[in-house]
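Going by this note's numbering, the residue at position 112 of the sequence shown is 96; the numbering climbs one at a time, nothing skipped.
Heads up, some of the hints might be wrong.
Ranges of calculated distance between the beta carbons of each label pair, as one might list FRET restraints [to be verified]:
(1) Leu206 <-> Asn246: 29 to 39 Å
(2) Asn500 <-> Asn25: 55 to 65 Å
(3) Val107 <-> Asn421: 14 to 24 Å
(4) Arg408 <-> Lys470: 17 to 27 Å
(5) Asp42 <-> Asn247: 42 to 52 Å
(6) Pro375 <-> Ser461: 25 to 35 Å
(7) Asn500 <-> Ser461: 40 to 50 Å
(8) Glu440 <-> Leu157: 48 to 58 Å
(9) Asp251 <-> Leu31: 37 to 47 Å
(10) Leu157 <-> Leu206: 15 to 25 Å
(11) Ile169 <-> Leu206: 51 to 61 Å
Once the Cα atoms are required to be at most 27 Å apart in a straight line, the calculated BS3-like pairs of lysine-lysine come out as [as the list claims (entries may be wrong)]:
(12) Lys54 <-> Lys341
(13) Lys260 <-> Lys212
(14) Lys252 <-> Lys324
(15) Lys64 <-> Lys23
(16) Lys324 <-> Lys378
(17) Lys252 <-> Lys338
(18) Lys166 <-> Lys212
(19) Lys409 <-> Lys459
(20) Lys203 <-> Lys260
(21) Lys459 <-> Lys470
(22) Lys409 <-> Lys324
(23) Lys378 <-> Lys252
Derived from the structure by calculation, the hints contain no laboratory data.
Everything numeric in this text was worked out from a predicted model, so none of it was measured.
Glycine included, C-beta positions come from ideal geometry on N, C-alpha and C.
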Amino acid sequence: MLNKKSDFSPIVFALILVFGILLGKNLNFETFHSNDLNKFNLVLSQLEEAYVDSINKDDLIEEAVTNLLKNLDPHSYYIKAKDLPSINEPMEGSFDGIGVEFNLIKDTILVVAPISGGPSQSVGIFSGDKIISVNGETIAGTGLKNEDVFKLLRGKRGTKVNVGILRKGYRELLEFEITRDKIPIYSVDVSYMIDPELGYIKINRFAANTYKEFINASKKLLDNGMKKLVLDLRNNPGGYLDAAINISNEFLDDNLLIVYTNNRLGDKKEYYSNQKGLLINTPVIVIIDEGSASASEIVAGALQDNDKGTIVGRRSFGKGLVQEQFECSDGSAFRITTQKYHTPTGRCIQRPYKKGKSDDYASELIDRMNSGELINKDSIVFNDSLKFITPNGKIVYGGGGIMPDIFVPLDTNSYHPAISEAIRKDLIRQFAFNYTNQYRSELESQELSNFIAFFELNINELKNLELYFNSFNVKISIFELSKIDKDILTTQIKAYIARNIWNDDGFFPVIHTIDNTFQKAIMQ
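Go ahead and model the full structure; you've got the sequences and the hints to work with.
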């Protein structure tokens, strides 16, 4: 226990809104007295009795609550009952389902891999299988979307679902009855040794199980000789406050401030390290970017302000507000901001916002791109009144995210137009999947290290790639591409092939070879 003292799309913002920083879920809260709601109840009753058209009272209430919270701050919001499970699941670290990783290609569910130890693996589902039917109904070629697949395959633990599988080498569908079970959602994407002394861990969120996953990954790397760690928090939208505190504690000497929070009453809670960290003597490089928010910023801020390690990348998102979740009896919930947090030097890294202007707040990442900040460090203007100094004399700033010690600009090298079109049409991933299925036995027979070191597409395979792209009206001549474009294209294909066989343990070591920020980090 710790010592406690008194991508620039709407998807990025949506993830940060959903995960943010959570103290936890409050299931029992005091309700308002009826006289506090007289005006609201009066309006509702008169609408029901006298309004010219029929109304749906529940919809009106939901809309009113949504607008009420939306006008407070960008991170207080209402969650409909139907949406709550999908929002809670990633934070709780599990869901109920059949346990497969899948891709949707040409309206068909392709099994990338059954989850190890899960119900699908137990009944004999293999990588490369195609799910053609569910409970006797054909689903392939019906315009499926990801959410449709979730509805079909997920369900309460212990319930059963029948799937029809098309497998290479079999002419008839293979029928399997699968009993749904608890399926883990991992928040550590990958951990591996970059070289004999340098380890790497990537965390995608700070969930209930993140700290345990992080410790297990760290122990494994230390056992393999790790002397230095790269901790990748890029595009990590945040999560639970205690997970961020516990992970920060692993790096810090005794009795160092990790973070403190304040509420509107001035109540202050400080969280200190306890000298029991696994990685106190391990130098660390933390990678962040504009998608790193809240709990990610707590970790980066705690290490930066205590002069522990080096922060590499681009300025983080800038979310310094803490939410609590309250669940209602009808299955809905709402999150409200209850505290602000500060890094050890006293920085509040929350970027400015105007009440009721959530659209402007969400578009700030676009503004960063347009201002040149993501390309040129000098485009960032700091307010001298928000200057802070670390114990070793390093100047840091508050008021809008964590600025890295070493800035790495966004890679602005444009793809060849045909490669960009292939990415939009998902052709690179599809080609990699088809290649994997064709050569699965050969690929599975080799070690990952051997694949990483020696695999490359031969001339005939590159010609097949060109023909495949052309069949989707993507006109490209592979052999006329620049070396950079060809390397990007073939490395992405290689990375997806590796993922199909070895999951993220295969994907990231390959894709990191063309990741400029990663390459800069490992040079520190």
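Each hint, compared with the structure:
Range check, Leu206 to Asn246: Cβ separation about 36 Å, and the 29 to 39 Å hint holds. For the pair Asn500 and Asn25, the supplied restraint of 55 to 65 Å holds, since their beta-carbon distance comes to about 58 Å. Evaluation of the 14 to 24 Å hint for Val107 and Asn421 yields a pass: the beta carbon distance comes to about 20 Å. Between Arg408 and Lys470 the beta carbon distance is about 19 Å. The supplied range of 17 to 27 Å therefore holds.
Distance hint check: the CB atoms of Asp42 and Asn247 are about 32 Å apart, inconsistent with the given range 42 to 52 Å. Between Pro375 and Ser461, the C-beta spacing of about 58 Å breaks the proposed range 25 to 35 Å. As the Cβ distance of Asn500 to Ser461 is approximately 26 Å, the hint placing it in 40 to 50 Å is violated. Checked against the hint of 48 to 58 Å, the C-beta distance between Glu440 and Leu157 comes to roughly 36 Å, which is inconsistent with it.
A beta carbon spacing of about 40 Å between Asp251 and Leu31 agrees with the range 37 to 47 Å that was offered as a hint. Range check, Leu157 to Leu206: about 48 Å between beta-carbon atoms, so the 15 to 25 Å window is missed. With their beta carbons about 25 Å apart, Ile169 and Leu206 fall outside the hinted range of 51 to 61 Å. Among the hinted pairs, Lys54 with Lys341 is consistent with the structure: their alpha-carbon atoms are about 9 Å apart, no more than 27 Å.
A hinted pair counts as satisfied when its Cα atoms are at most 27 Å apart, and Lys260 with Lys212 qualifies at roughly 18 Å. Between Lys252 and Lys324, the direct Cα distance comes to roughly 10 Å. Compliance with the 27 Å bound is thereby established for this hinted pair. Of the pairs offered as hints, the one joining Lys64 and Lys23 holds, with about 24 Å between alpha carbons and a cut-off of 27 Å not exceeded. Restraint check: the Cα-Cα separation between Lys324 and Lys378 comes to about 24 Å, which is no more than 27 Å; the hinted pair holds.
A C-alpha spacing of about 25 Å is found between Lys252 and Lys338, which places the hinted pair at or below 27 Å, so the restraint holds. For the hint pairing Lys166 with Lys212, the CA-to-CA distance comes to about 35 Å; that exceeds 27 Å, so the pair is violated. Simply put, Lys409 and Lys459 have alpha-carbon atoms about 13 Å apart, close enough for the 27 Å limit, and the pair holds. The straight-line distance between the Cα atoms of Lys203 and Lys260 is roughly 14 Å, inside the 27 Å bound, and the hint therefore holds.
This hinted pair checks out: Lys459 and Lys470 have alpha carbons roughly 15 Å apart, not beyond 27 Å. Proposed proximity of Lys409 and Lys324 is contradicted: the alpha carbons are some 42 Å apart, above 27 Å. As the CA atoms of Lys378 and Lys252 are separated by approximately 26 Å, the hinted pair is consistent with the 27 Å bound.
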